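Here is how the chains run, residue by residue.
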Amino acid sequence: MTVPVQPSSSAGPEKTVDFNIIRERGPHAVFCGLTSIIWLHRKIQDAFFLVVGSRTCAHLMQSAAGVMIFAEPRFGTALIEERDLAGLADANEELDRVVARLLERRPDIRMLFLVGSCPSEVIKLDLERAASRLSQQHMPQVRVLNYTGSGIETTFTQGEDTCLAALVPELPRETDADPASLLVVGSLADIVEDQFTRLFAEMGIHDVRYLPARRSDQLPAVGPNTRYILAQPFLNEAARALEGLGATRLSAPFPLGVEGTTGWLRAAADAFGVDPALFDKVTAPGIERARRGLSHIAEELKGKRIFLFPDSQLEIPLARFLHREAGMELVEVGTPYLHRQHLAEELAMLPKDTCLSEGQHLDKQLDRCREAHPDVVVCGLGLANPLEAEGMTTKWSIELVFTPIQGYDQAADLAELFARPLMRRAKLRV
Amino acid sequence: MQLTVWTYEGPPHVGAMRVATGMERLHYVLHAPQGDTYADLLFTMIERRNQRPPVTYTTFQARDLGQDTAELFRHTAIEAYERFKPQALLVGSSCTAELIQDDPGGLSQTLGLPVPAIPLELPSYSRKENWGASETFYQLVRSLAGNAEARPADEAGSRRPRCNLLGPTALGFRHRDDIQEITQLLGSLGIDVHVTAPMGSTPADIARLGEADFNVVLYPEIAQTAAKWLERTFKQPYTRVIPIGVGATREFIQEVAGIAQVDPGPALENAQSRLPWYSRSVDSNYLTGKRVFIFGDATHAVAAARVATEEFGFKVVGLGTYSREFAREVREAAKLYDVTPLITDDYLEVEAQVAELQPELVLGTQMERHISKRLGVGCAVISAPVHVQDFPARYAPQMGFGGANVLFDTWVHPLMMGLEEHLLGMFREDFEFHAEAAPSHLGGTGTTERRVAAAPAEVQPEAVTTDAVPEPAQDGEPVWSADAEKELRKIPFFVRGKARRNTERFAKEKGLHEISIDTLYDAKAHFGR
Numbered sequence: 001m002t003v004p005v006q007p008s009s010s011a012g013p014e015k016t017v018d019f020n021i022i023r024e025r026g027p028h029a030v031f032c033g034l035t036s037i038i039w040l041h042r043k044i045q046d047a048f049f050l051v052v053g054s055r056t057c058a059h060l061m062q063s064a065a066g067v068m069i070f071a072e073p074r075f076g077t078a079l080i081e082e083r084d085l086a087g088l089a090d091a092n093e094e095l096d097r098v099v100a101r102l103l104e105r106r107p108d109i110r111m112l113f114l115v116g117s118c119p120s121e122v123i124k125l126d127l128e129r130a131a132s133r134l135s136q137q138h139m140p141q142v143r144v145l146n147y148t149g150s151g152i153e154t155t156f157t158q159g160e161d162t163c164l165a166a167l168v169p170e171l172p173r174e175t176d177a178d179p180a181s182l183l184v185v186g187s188l189a190d191i192v193e194d195q196f197t198r199l200f201a202e203m204g205i206h207d208v209r210y211l212p213a214r215r216s217d218q219l220p221a222v223g224p225n226t227r228y229i230l231a232q233p234f235l236n237e238a239a240r241a242l243e244g245l246g247a248t249r250l251s252a253p254f255p256l257g258v259e260g261t262t263g264w265l266r267a268a269a270d271a272f273g274v275d276p277a278l279f280d281k282v283t284a285p286g287i288e289r290a291r292r293g294l295s296h297i298a299e300e301l302k303g304k305r306i307f308l309f310p311d312s313q314l315e316i317p318l319a320r321f322l323h324r325e326a327g328m329e330l331v332e333v334g335t336p337y338l339h340r341q342h343l344a345e346e347l348a349m350l351p352k353d354t355c356l357s358e359g360q361h362l363d364k365q366l367d368r369c370r371e372a373h374p375d376v377v378v379c380g381l382g383l384a385n386p387l388e389a390e391g392m393t394t395k396w397s398i399e400l401v402f403t404p405i406q407g408y409d410q411a412a413d414l415a416e417l418f419a420r421p422l423m424r425r426a427k428l429r430v
Numbered sequence: 001m002q003l004t005v006w007t008y009e010g011p012p013h014v015g016a017m018r019v020a021t022g023m024e025r026l027h028y029v030l031h032a033p034q035g036d037t038y039a040d041l042l043f044t045m046i047e048r049r050n051q052r053p054p055v056t057y058t059t060f061q062a063r064d065l066g067q068d069t070a071e072l073f074r075h076t077a078i079e080a081y082e083r084f085k086p087q088a089l090l091v092g093s094s095c096t097a098e099l100i101q102d103d104p105g106g107l108s109q110t111l112g113l114p115v116p117a118i119p120l121e122l123p124s125y126s127r128k129e130n131w132g133a134s135e136t137f138y139q140l141v142r143s144l145a146g147n148a149e150a151r152p153a154d155e156a157g158s159r160r161p162r163c164n165l166l167g168p169t170a171l172g173f174r175h176r177d178d179i180q181e182i183t184q185l186l187g188s189l190g191i192d193v194h195v196t197a198p199m200g201s202t203p204a205d206i207a208r209l210g211e212a213d214f215n216v217v218l219y220p221e222i223a224q225t226a227a228k229w230l231e232r233t234f235k236q237p238y239t240r241v242i243p244i245g246v247g248a249t250r251e252f253i254q255e256v257a258g259i260a261q262v263d264p265g266p267a268l269e270n271a272q273s274r275l276p277w278y279s280r281s282v283d284s285n286y287l288t289g290k291r292v293f294i295f296g297d298a299t300h301a302v303a304a305a306r307v308a309t310e311e312f313g314f315k316v317v318g319l320g321t322y323s324r325e326f327a328r329e330v331r332e333a334a335k336l337y338d339v340t341p342l343i344t345d346d347y348l349e350v351e352a353q354v355a356e357l358q359p360e361l362v363l364g365t366q367m368e369r370h371i372s373k374r375l376g377v378g379c380a381v382i383s384a385p386v387h388v389q390d391f392p393a394r395y396a397p398q399m400g401f402g403g404a405n406v407l408f409d410t411w412v413h414p415l416m417m418g419l420e421e422h423l424l425g426m427f428r429e430d431f432e433f434h435a436e437a438a439p440s441h442l443g444g445t446g447t448t449e450r451r452v453a454a455a456p457a458e459v460q461p462e463a464v465t466t467d468a469v470p471e472p473a474q475d476g477e478p479v480w481s482a483d484a485e486k487e488l489r490k491i492p493f494f495v496r497g498k499a500r501r502n503t504e505r506f507a508k509e510k511g512l513h514e515i516s517i518d519t520l521y522d523a524k525a526h527f528g529r
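From first to last, the protein sequence lines are chains A and C. The end of the first sequence is residue 430 by my numbering, with every number in the run present. The end of the second sequence is residue 529 by my numbering, with every number in the run present.
Calculated from the structure, these hints are not laboratory results. None of these values were measured; they are calculated from a predicted model. Cβ atoms here follow ideal geometry from the backbone N, Cα and C, with glycine treated the same way. Be a bit skeptical, because a hint or two may be false.
Said to hold, decoys possible - To give an idea of the chain A side of the interface with chain C (calculated C-beta under 10 Å), a few residues:
1) 56
2) 57
3) 62
4) 64
5) 102
6) 172
7) 366
8) 390
9) 393
Go ahead and model the full structure; you've got the sequences and the hints to work with.
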C-alpha cells in the first residue's frame with residue numbers, strides 16, 4: 001500500500017467526472033460558522049470573539065460551550081435589540097459602547113474579533129468598517145478584526161476559514177529577498193503541531209510557521225517566497241487571501257492516516273528540495289508506528305459499511321483513510337461543500353464508484369441511510385441519539401474537529417474513534 | 001445592543017420548540033436560516049432524547065434571499081405535513097426570518113392542510129424563551145380546547161375529582177420527575193390527573209383539557225396564561241402554591257384539597273420527607289446563618305428563598321430573577337427577607353452583585369456556576385438554564401416531599417463540611433488543609449482557582465502570599481496595613497470577603513485612612529459575624 005502520491009498540477013473538475021455526485025437542496029442539519037469559536041478561542045489564547053447577533057446566536061454558543069465553567073469567558077454576544085432594528089439607536093455607537101465595556105472588563109484581550117451573524121448580515125450592519133474604526137480607537141492595545149460566521153454564509157468549519165482569511169491582511173509582510181518559508185494553515189492540536197515541527201526540522205526545514213498562531217502577537221510573516229500547505233480541507237477563503245499576498249499553495253492530500261500524512265509531508269519536502277532518501281529515513285519510524293497502531297484496530301473496522309452525513313468538509317479525506325487503511329466500505333460520503341482543487345489529491349485516491357453527495361435534503365438522506373442500514377453512521381449530535389435509538393451505530397462527527405487526528409502518531413487514534421462505538425455496542429449487555 | 005456573556009434564556013422560538021418537543025403528534029415548521037438546527041442538540045444531547053424534535057426548519061441560505069423564501073417556506077411546510085402527518089401544525093419564524101418578513105402565519109392559512117395550522121407570533125428581539133413557551137402553549141390551548149359548550153355533561157360526584165397538570169415541557173429543569181412526584185401526591189389525595197400538558201400530551205389531549213375539575217399550575221412561567229384562559233372559559237380554578245420545599249408542599253396539599261373538597265389529613269400525615277429531621281439533626285447546626293445568594297427563574301428563586309430560610313436556617317442576602325414577567329412576585333418575596341430584589345437578565349450585573357454581597361453559597365443557574373468559579377464560592381443549581389448534568393438518570397424531583405430530600409443533599413454538598421470548617425478556623429498553615437484549599441470532600445487535592453475577593457473590574461487578584469503589601473490608596477479608600485492584611489488572611493476564605501468589605505466600610509465611616517489589626521477587630525465587634 002505504499003503508493004507514492006504524485007502531486008498533480010493539473011487537478012481540476014475533470015478528475016471527478018466519473019463520480020456519482022448527489023446534489024440535493026432542502027432542510028439541512030448543520031452548524032453555522034459561529035461554532036468555530038468553540039475551538040478558536042482556545043487556539044488563539046489572547047483573543048476574544050464578540051458575535052454581533054441575536055439571542056439565538058448567544059444561545060447557540062452557550063449551549064455548545066456552556067457545559068464548561070468559565071471563570072473568564074472568551075466569547076460573548078452583542079445582542080441586537082428592537083431599538084437597534086427600529087433605528088432608534090445608532091448601531092455603531094452601540095457597538096462602540098459594548099466594546100468599550102468589554103475591554104474595560106478584560107484588559108488582557110489583545111485581539112478582538114467582531115463576528116457577523118445572520119441578523120447582522122440581513123440588516124446589513126457594516127462590521128468591517130466598525131472593526132477598522134474600533135481598531136483605530138484601541139490600538140496598539142487591541143486589534144479589532146471582523147469575519148462572518150453566519151449560517152446563511154458559512155457552514156460549521158467555514159467559520160475558521162473566514163476567521164483566518166480576516167487574519168491574513170494582518171500578517172507581517174516579507175519580500176522577494178526573504179528566504180523561502182513553509183506556512184501550515186489550519187487549526188491543529190498543539191501536540192500535532194509540535195510533531196510536524198520536529199519532522200520538518202529533521203528534514204532540514206527549520207522555518208515552519210503556523211496559521212492560526214497560538215498568540216495574536218506571534219502571527220507568521222508571509223511573502224512571495226512563502227509556500228503554504230493546508231492542514232484542513234475547509235480553507236477556501238484563507239487560501240485565496242494568502243495567494244493575494246503572493247504565497248503559493250502546495251498541492252497535497254490531507255494529513256490523515258499513513259498515506260495522507262506521507263503525501264502531505266512529501267509535498268512540503270519536494271517543494272524544499274529534501275533528498276528522497278532523507279525523507280524516507282525521517283518518515284520511516286512514524287509510518288512503522290502508525291501501521292503497528294492501526295493493525296490493532298483495522299480488524300474491528302475491516303469490511304464494515306460506513307455512511308457519512310455532511311458536517312465539516314473533512315468527510316472525503318476521512319473516507320479515503322477509512323477505506324484504504326482500515327478497509328471500510330463507503331456507502332455514501334456527504335460533504336457540505338466540495339472544493340475540487342483542494343481535494344483533487346484526495347478524490348484521486350477514492351474508489352471511482354464512491355457515492356458522493358454535496359449539500360443536503362435531510363429527510364431524503366435519512367431515508368437513504370435507513371435503507372442502506374450501514375454499520376457505522378457519521379453524523380451530527382442532532383441525529384446521533386435518534387439513530388442509535390433506531391438501532392444504528394453512530395460516530396458523532398463534531399469530535400473529529402475537537403480531537404488530535406492528524407499525523408502518524410494519531411492515525412490509530414483516528415481509526416479508534418470509529419471503532420469505539422462498534423466495540424461499545426458489542427460490549428453492552430443491557 | 002446589550003453585551004451578553006451568558007444568556008439566561010434562549011430566543012422565544014426555542015420556547016415554542018420545548019412545547020412541541022414535549023408533546024406528541026404535533027409538528028413545528030420553523031422559518032430559519034441554516035445553522036439554527038443547533039437547537040435539536042438541546043433535546044437530543046442535553047435532555048438525551050431518543051428522537052429528533054418534531055421540528056422542520058427551512059434552513060435558507062444567502063443564495064435563497066434573492067429568491068422566493070416565502071415559497072421555500074410553503075414547500076417545506078407541505079412536505080413536513082406529508083411526511084409526518086401530525087394532528088396539528090405550529091408555524092413560525094426564528095429571529096432572522098422575522099427580519100425578512102415572509103409571514104409564515106399568513107402563508108400557513110393558504111396551504112390547504114386538513115389539520116389546524118397554528119401561527120405563532122414570537123417577537124425575537126423583545127421576548128425570550130419562557131415567554132415563547134407560554135405563548136405557544138396558550139395559542140395551542142385556545143385553538144384546540146374548544147369552548148365551554150363542547151364540555152360533556154358533568155358527571156362529578158360519580159367519579160374521583162380530576163385535574164390537569166399544566167406547565168411541564170421538554171428541556172424543563174426536573175420536569176420529568178416533578179410530574180411523577182406530584183401525580184403520586186395527588187393520587188394519595190384521591191385526585192386523578194386527567195391531562196398533563198404540554199409534556200406527553202397530543203393535540204387531541206389538549207382538546208380534552210376542559211373536562212377536568214381544576215388545573216394544577218406547576219410552572220407559572222409556562223402555564224399561567226393558559227390556566228387563566230381555561231379559568232375564564234371553563235370555570236376551572238387553578239392552584240397558586242408551588243410545591244417546592246416541605247412547607248410549600250403542605251400548603252399545596254391544603255390548597256388542592258380545598259379546591260377538590262377532599263380530606264388533606266392522610267396525605268399530610270404520610271409526609272415522607274427526611275429534610276425536617278436532617279435539618280434538625282445537630283450535624284446541620286453549622287448551617288445556621290450561612291449567607292446565601294439566590295437567582296433563577298421567578299418560581300424556583302422564590303421557592304428556594306423560603307426553603308433556604310425556613311428549612312435550612314440560612315440567611316438570604318440576595319434574591320433575584322431573570323423572569324421579568326414575574327418581577328412582582330420576586331419583589332414581594334424580597335421584602336420578606338429584607339433584601340433588594342435583583343430583576344435583570346444581564347449576567348454581568350448578577351456577577352457584580354454576587355461579588356458585592358460575598359455570599360458563602362450561591363443557589364442559581366448554570367450561569368451562576370461560572371460566577372461562583374470565578375469568586376471561589378460554593379454553588380448549587382436550582383433553576384434553568386442548566387446543562388447536561390442537570391438532566392440526571394436518577395429520580396431527582398425538586399417538588400413534593402421527595403424533592404425536599406433532593407434539595408437537602410444538593411444544597412449542602414458544595415459547602416465545607418462542619419469538622420473541616422472548624423479545624424480551618426483553628427489551624428491555617430497545614431500543608432494539605434489550608435485556607436485556600438477546596439473542600440476536601442469535593443475531591444480536589446490542590447488549591448481551588450484563585451479566589452478573587454474583589455469586584456470583577458478589579459484586575460489585581462488577591463495574591464496568596466504571607467508578606468502582603470498594603471494596596472495603594474484609591475481616592476479616599478482606606479489602606480490596609482501589612483499586619484492587618486496578614487491577619488485578614490487568617491480568616492477562612494468563605495467569610496474573608498465579607499470581613500474585608502465590612503472592615504473597609506467601617507474604616508470609611510470612621511474616617512480612618514489606614515486599617516490596622518485593631519480596625520479589623522473593631523469592625524468585627526461592630527457588625528457581628
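- Any of the earlier hints contradicted here, and which numbers? Violated hints (numbers, rising): 6 and 9; every other hint is consistent with the structure.
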